[in-house]
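If you want the building blocks of each chain, they are given just below.
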Amino acid sequence: MAKVLEGPGMGLMKKWGIHVPNYVVVTSVDELTKLGQANDWMKTSKLVAKAHEALGSRFKLGLVKVGLDLNGAIAATKEMIGRQVGSITVSQVIVSEMVPHKEEYYCAVKSTREGSEILVANCGGIEVESNWDRVKRLCLEVGQAPSAGQLEKLSKDAGFTGPLAKKMADFAGKMFTCFDSEDAQYLEVNPVVTRESDGELVALDAVTLLDGDAKFRHPDWNFQFAAEFGRSYSKDEMEVMAVDSKIKGSVKFIEIPGGDTAMLPAGGGASVYYSDAVVARGGKLANYAEYSGDPPDWAVEVLTEKVCSLPGIKNIIVGGAIANFTDVKKTFGGIINGFRKAKGDGKLKGVKIWVRRGGPREKEGLDAMRALKDEGFDINVFDRNTPLTDIVDKALQK
Amino acid sequence: MSILANKDTRVVIQGGAAGVNAARRMAEFCYLIKRPLTVEAFVYPPDAGKTNEVPYGSGLIAIPIYKTIAEATKNHPAINTSLVYIGADRAMKGGMEALDDPNIKVVSMITEGVPEKDAKLLGAHARKLGKVFNGPSSIGIISAGACRLGVIGGAFDNLVLSKLYREGSFGVITKSGGLSNEIIWICSQFADGITTAIGIGGDAYPGTDYVSYLEMFENDPQTKAVVIVGEMGGDLEERAAEWYGAKKRRVKLIGVVSGFCQESLPKGMKFGHAGAKEGMKGEGSARSKSDALKKSGAIVPPTFGALGPAIKETYQELLKSGQVKEPVEPAVLPRLPKSVEEAMKADEVMVAPLIRTTISDDRGDEPCYVGYPASELINKGYEIPHVIGLLWDKRLISKQEAEIIKRIMMLSADHGPCVSGAYATILAACAGIGLSQAVAAGLIMIGPRFGGAVTDAGRWFKYAVDNKMNVDEFLAYMKKNVGPVPGIGHRVKSLRNPDKRVKELVGYVKSLDIKTPCLDFALAVEQVTAVKKDNLILNVDGTMAAVLVDMGFPVDSLNGFFILSRTIGLIGHWVDQKRQDSRLIRLFDYLVNYAAPKRREVPPLK
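Chain order of the listed sequences is G and X. Everything in the first sequence is counted per this note's numbering, starting at 426 for the first residue and increasing by one. Everything in the second sequence is counted per this note's numbering, starting at -2 for the first residue and increasing by one.
Heads up, some of the hints might be wrong.
[What the hints assert, rightly or not] Non-contacting residues of chain X with respect to chain G, defined by C-beta distances greater than 10 Å in every case (computed):
| no. | residue |
| --- | --- |
| 1 | I183 |
| 2 | P334 |
| 3 | G429 |
[To be verified] Covered by chain G, per the in silico footprint, the following chain X stretches (three or more residues, Cβ under 8 Å):
| no. | region |
| --- | --- |
| 4 | 147 to 156 |
| 5 | 383 to 389 |
| 6 | 452 to 462 |
| 7 | 535 to 546 |
| 8 | 593 to 603 |
[To be verified] With a Cα cut of at most 25 Å, we get these calculated SDA-like pairs of lysine to any residue:
| no. | chain 1 | residue 1 | chain 2 | residue 2 |
| --- | --- | --- | --- | --- |
| 9 | X | K102 | G | K788 |
| 10 | X | K31 | X | R236 |
| 11 | G | K709 | X | R284 |
| 12 | G | K677 | X | S261 |
| 13 | G | K819 | X | M347 |
| 14 | G | K788 | X | R284 |
Bear in mind the hints are in silico, worked out from the structure with no lab data behind them. Virtual Cβ for every residue (Gly too), placed ideally from N, Cα, C.
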């Protein structure tokens, strides 16, 4: 899943005929000032300014300002841009018009095993979370689009009446079309409001998760996906991602600040069992990492260098199951090169390395790892006869 | 017995190189269990009409490649299974094509990164047709002793170690490819091995889920227990638990789930598999899955490490109750024939080398010339003449010798467009011939009359010096046994119109403090011959030859100096013509003396 920030998310909704408030995304005060001169709505409407970053609880952090005039929005932007929140520097601000409204509603479309589900409620904002039973659902099979009748029934079931029922049904229909056409995995508008000026339903806020795997058929997805855990990617993480996008197979790397057990395991499945084992033993993970699908040795080498550069690590877990087709000798060759480089750079002092692996050319690979002992590495090497996660137990034994 | 893949399975593989690799792995398994190769066809439009070669034992089997699934199944009506190895952007089309073929009942897709919607559409389509769609991102399916689909099971040695040559009693379903192998291995070490192991793929919505496969295992009497390896995200494990708890099941269920670490990790963190993602409200967490499985009556070891002992315990119970018997291992297992390289490494075979080299080795990270790494030569200031010295005479020549060679090359790099070599290259260039062929045309001209006298000149000057002949003895010997003296004589140059190149080279070499017996002898010969005839002077070939022999270069290498130097000029001429976009040229008839008989009548054929 790939999260999309509000700006591009609203852009996609607008593309499929959903009313959204006027908005601009800016990176500087100058830009906003110029846009303010060019757009009438910015002079006439009350405005909202929000930090346009993948940050939770922006309101609490003072990164959402409402009821502003243009000068107020400029001042808010000036204050927000460049602000440091954890590892994120605010670099964009979204300024949108405030839409005066009375009632708030809720609409979402989510992916399910069978296909998708449209959710509608005649309450919105924070109210919907405490009244989840008021959310009505329409389940759809993959490849099936909702009929006008189904949508109207959903709308009425949710408590909409009169002309509003028809409007909500239309709104939900457009949400589905957007969801289906854009390979979305989750679309949520909370709140949906009735614009007092023309009585149309407007999406005031958008949560958009797209299927990153479908990017190949969406040439107009010209936006960056946002990190999904409340911070931006670090330089090392982005470097590994860049490598990952270039190679056959995959390499993955996420830093977890404050940990002391570094992970360098093979396999999307095994890597999680290794992480579990560390946590179960009371260890503190310094990162998540994984390589699989017989990646080239240089890619594993890059990953290894990043893992070795993690601060304050005491152990490195080079774990892995019995590979199907990943060449153990070749991938270990990359890890060994990475270790040597790190050692040459003065890293790995006092760090213990733990290895367990099987698969094609396992003997050669494990022998090469064992030979690192002679080069002064503190390394312990085990083969398939040692159960998968036992090296974690050994590493964390005090 | 087994499920999904069995003795009747016949396979078409959709895709290119990765598919061929899978076929090779499948052939290894077929060889292990002594069944003919299960792969009957490939579908890969770019190579349609060709064949892929798949090693089987010590032989090679040619498998035809078709453009469409329909063609493949028409020609191979036994095909009932397709493996999809097509890129994510075209995988759905390929998968649909296979599902729509009436002969094909099972489609397994290895492709990773398939859009979620596509995977759902494939799954729904298969269910509608009553077929099985497995994957995407599935490592494959393997039934011990019966059939392997894909690379699941790993290398040949692992197949043997994991006892996949014969049936056991445990079914395996995993999302992870690597862990499928691990569980197969554990089942073979802690119990009697597997019946069928299925990789369902790590995506959020696999085409077929645990429950469908659990049903199949439940109906397979050979399977006594099923191991499922789950991870956080989605609700497949919860559904499996629901199925297991719904009524008394014949098979025992053993399950582990990964992702407990997520409880202490940043929310929303991405794991290796697309589907490994906790829901927004905690559903799909490892804990909820694990609890659901426990509640259903499944055996849920607390950690992955405890899985082996749990499997062992289950197996002991099955043995005790008489449901399974200790397996009998075959006395002899087939071994995969070793490649020549592997056999050599194991000291099992001696191979007589085909060629022998004494100058160059490319097996390291860079070429070594007579043992010296090229980069080290560069970094220590050596130059091209030294490389020539190494590769032609296996020695590091001195700075002075290198300077002489450099001058020889500079003097003979080119001699204008009219000489045979350059003219031939220009003619070829004008005819639109490519660089290497046009330069080769020029090089072909090098012979006894043009540039190719260096070796012969060196040979005979050396012969004279070695045999301590005087000039008269030498000329008499040459006249009697050889003919004109190579290296003596020039088409246009003469004593009065000397060759500046010769003067330059002789002048330089004589200015050095070195012994030059051959050059001295050659100059002495010139003193005599030039008196006889004005143009019988020491020419540039003869001078080079004498100098190089004095430096100790082997006689056979001498023409090489001219060939190498002149190649510089020939390449220049080709590039020059090319840049000018020269037109095709031909001789004018006035440049030809037509000495053939005049036109006449052809007599009747007798």
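Hints and how they fare:
no., hint, result
1, I183, "8 Å, violated"
2, P334, "17 Å, holds"
3, G429, "40 Å, holds"
4, 147 to 156, "holds (count 6)"
5, 383 to 389, "violated (count 0)"
6, 452 to 462, "violated (count 0)"
7, 535 to 546, "violated (count 0)"
8, 593 to 603, "violated (count 0)"
9, X:K102 / G:K788, "39 Å, violated"
10, X:K31 / X:R236, "39 Å, violated"
11, G:K709 / X:R284, "19 Å, holds"
12, G:K677 / X:S261, "19 Å, holds"
13, G:K819 / X:M347, "45 Å, violated"
14, G:K788 / X:R284, "37 Å, violated"
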